[in-house]
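Peer 1: For reference, the chains in residue letters:
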Amino acid sequence: MCVVESDRMDQEEVFAAVYSVSELTREIKSLLEDHLPPVWLQGELSNFIRHSSGHMYFSLKDQDAQIAGVMWRQRNLLLTFTPRDGMQVRVFGQVRVYEKRGTYQLDVLKMAPAGVGALQAAFEKLKAQLHAEGLFDADRKRPLPRFPNAVGIVTSATGAALRDIVQIIRRRAPGLQMILRPTLVQGEEAAEDIVQAIREFNEFDQVDVLIVGRGGGSLEDLWPFNEEKVARAIRASHIPVVSAVGHEIDFTIADFVADLRAATPSAAAELVAPLHSALRQDLRELKNRCRRAFERSLHQHRDRLMRLRSHYGLRRPADLLYQRRQRVDELLQSIRSSCRNRLVQDQRRLAHNRQLLTSLGPESVLRRGYALCWDEQTRHLVTRVAAVTPGETLTVQLHDGRWQGRVDEISNGKWDQVVVEKK
Amino acid sequence: MNKLNFENAMERLEEIADQLEDGSQSLDESLKLFAEANKLAAFCTGKLDEAEKKLKILIKDQDSYTLDDEETE
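Just so you know, the protein sequences line up as chains A and B, in that order.
Numbering-wise (the working numbering), the first sequence opens with residue 1 and increments by one.
Numbering-wise (the working numbering), the second sequence opens with residue 1 and increments by one.
For the record, the hints were derived by calculation from the structure and aren't laboratory data.
All residues carry an ideal CB built from backbone N, CA and C; glycine is no exception.
Any given hint might turn out to be false.
In the PhoX-like style, the derived pairs of lysine-lysine whose C-alpha atoms are separated by at most 20 Å in a straight line are [claimed, not checked]:
id	chain 1	residue 1	chain 2	residue 2
1	A	Lys287	B	Lys56
2	A	Lys229	A	Lys125
3	A	Lys229	A	Lys127
4	B	Lys53	A	Lys287
5	A	Lys287	B	Lys32
Incomplete in silico selection of chain A near chain B, CB under 7 Å [claimed, not checked]:
id	residue
6	Pro143
7	Arg172
8	Ile179
9	Leu184
10	Ala278
11	Leu279
12	Arg280
13	Leu283
14	Ser359
15	Pro362
16	Val365
17	Arg367
18	Tyr370
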């Protein structure tokens, strides 16, 4: 076999002219450029780049094929619209072969928009359908947790998007746990991978919010995020989803269906991660509010207590008590004083009676010079002279002593007829 | 009530601040609310002070999930 093969090659070398690369390329170039006149061509713009030189490079494509295109600066200056990826355009140009790289491209002389591209059309159709189903309804959008404990990230493990998200979340909320489920983010299998990732996070059930997205790219690159199954997976997620696809100008179906659309992955990180410094501030304010309000309430209660204390209703029992206590004191006082009065009176009466007794008794009379006289034998007091006979012995009592004497003489007559000088 | 987390702790703190500012509670209730507010604030501060966490990778192995550390390049 090998021998036969090599023989055939040898024969070809012998019978055919040998081209150089340049010669063949020139041949191709003249074939293409001379035999294909300038043409009108319709297709969808993609991979559109306006180089800093001002030249525009892009691809034109339909479902099955694509062709590279260039529009030089002096020609594109006249354009009346801004070409964008996904745009359906009609161009007038000529096929040129770029010999240095062995590629061919369309040298575009004129360009005009030509309705919406096929992808754009598919996008609009799905968007309208899902919108009609209510998948974009505002009341389906769930609020993001203000302070998530963990955030799930669905994106490529190697993309700039992940790097941006991680960096920003670390800066804003260092304690926030990030969990990545790496996925494809472009190509045919990406959509299914993203759907799986969202499902896995929902099964795992340990993150409070999901970021689903990727960095910027062409419309084709972003296409997985325009697929229906991704949209439905996002809507079916019981964990709130933030979409973060491409740049500010890129809108995908995922953006419409997500609970929140972030313009970029960085913006998603900012939306998801609360700024800890701001939360500290909030917390300080709340603490101060509570403390101030509590102190105010303490004062109010103290004031109320003071008012109540001075209130008559509360004062009354104490007042009654004081009144009664005072009354007791008064009564005691009056008992005491009436007892004392009684004692004094009694003493006075006693003294008086004693005096009376003394003055009425015989002694004071005797002291005044009167005498008692009695018969010693009969022990009768002699109160009249008729009871006395001369020669009889009588006892005479003075206040300090007595004597006995014999009666010599008796005479009648009142005592005032006798003048006696008191010694 | 649900498990205490930063979010519902902050919400409860706001509620307590509103209630205390409303000023219609008994002294006893005020004291209780204030004590609760202090506890919640301490909890929240603790959450904010948590140390930086590593990025983890979610791995599904049949029906169970594990978290791996990110591979360091």
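Peer 1: Evaluate each hint against the coordinates.
Peer 2: Going through the hints against the structure:
Note on A/Lys287 and B/Lys56: the hinted pairing is violated, with a Cα-Cα distance of about 34 Å set against a maximum of 20 Å. Between A/Lys229 and A/Lys125 the CA atoms are separated by roughly 15 Å; this keeps the pair inside 20 Å, and the hint holds. Proximity of A/Lys229 to A/Lys127 is assessed by CA-CA distance (about 13 Å); at most 20 Å being required, the pair is judged to hold. For the hint pairing B/Lys53 with A/Lys287, the CA-to-CA distance comes to about 27 Å; that exceeds 20 Å, so the pair is violated.
Between A/Lys287 and B/Lys32 the CA atoms are separated by roughly 15 Å; this keeps the pair inside 20 Å, and the hint holds. At a threshold of 7 Å, the smallest CB-CB gap from A/Pro143 to chain B is about 10 Å, leaving the interface hint violated. Hint status for A/Arg172 relative to chain B: violated, with the closest Cβ pair at about 11 Å, above 7 Å. The beta carbon of A/Ile179 is positioned within 7 Å of a beta carbon in chain B (closest approach about 5 Å), and the interface hint is therefore held.
Below 7 Å, beta-carbon pairs count as interface contacts, and A/Leu184 has none with chain B, the closest being about 15 Å; its hint is therefore violated. Taking 7 Å as the C-beta contact cut-off toward chain B, the hint placing A/Ala278 at the interface is violated, the least distance being around 10 Å. Hint status for A/Leu279: holds, given a least beta-carbon distance of 6 Å to chain B, under 7 Å. Given the 7 Å rule on beta carbons, the hint for A/Arg280 holds: about 6 Å separates it from the nearest Cβ of chain B.
Interface restraint check for A/Leu283: the shortest CB-CB distance to chain B comes to about 5 Å, inside 7 Å, so the restraint holds. Interface hint status for A/Ser359: violated, as the beta-carbon distance to the closest one in chain B is roughly 83 Å, over 7 Å. With a least beta-carbon distance of about 90 Å to chain B, the hint placing A/Pro362 at the interface is violated under the 7 Å criterion. The interface hint given for A/Val365 is violated, since its Cβ lies 91 Å from the closest Cβ of chain B, which is over the 7 Å cut-off.
For A/Arg367, the interface hint is violated, the least distance from its beta-carbon to any beta-carbon of chain B being 90 Å, above 7 Å. For A/Tyr370, the suggested interface contact is broken, since its CB lies about 96 Å from the closest CB of chain B, more than 7 Å.
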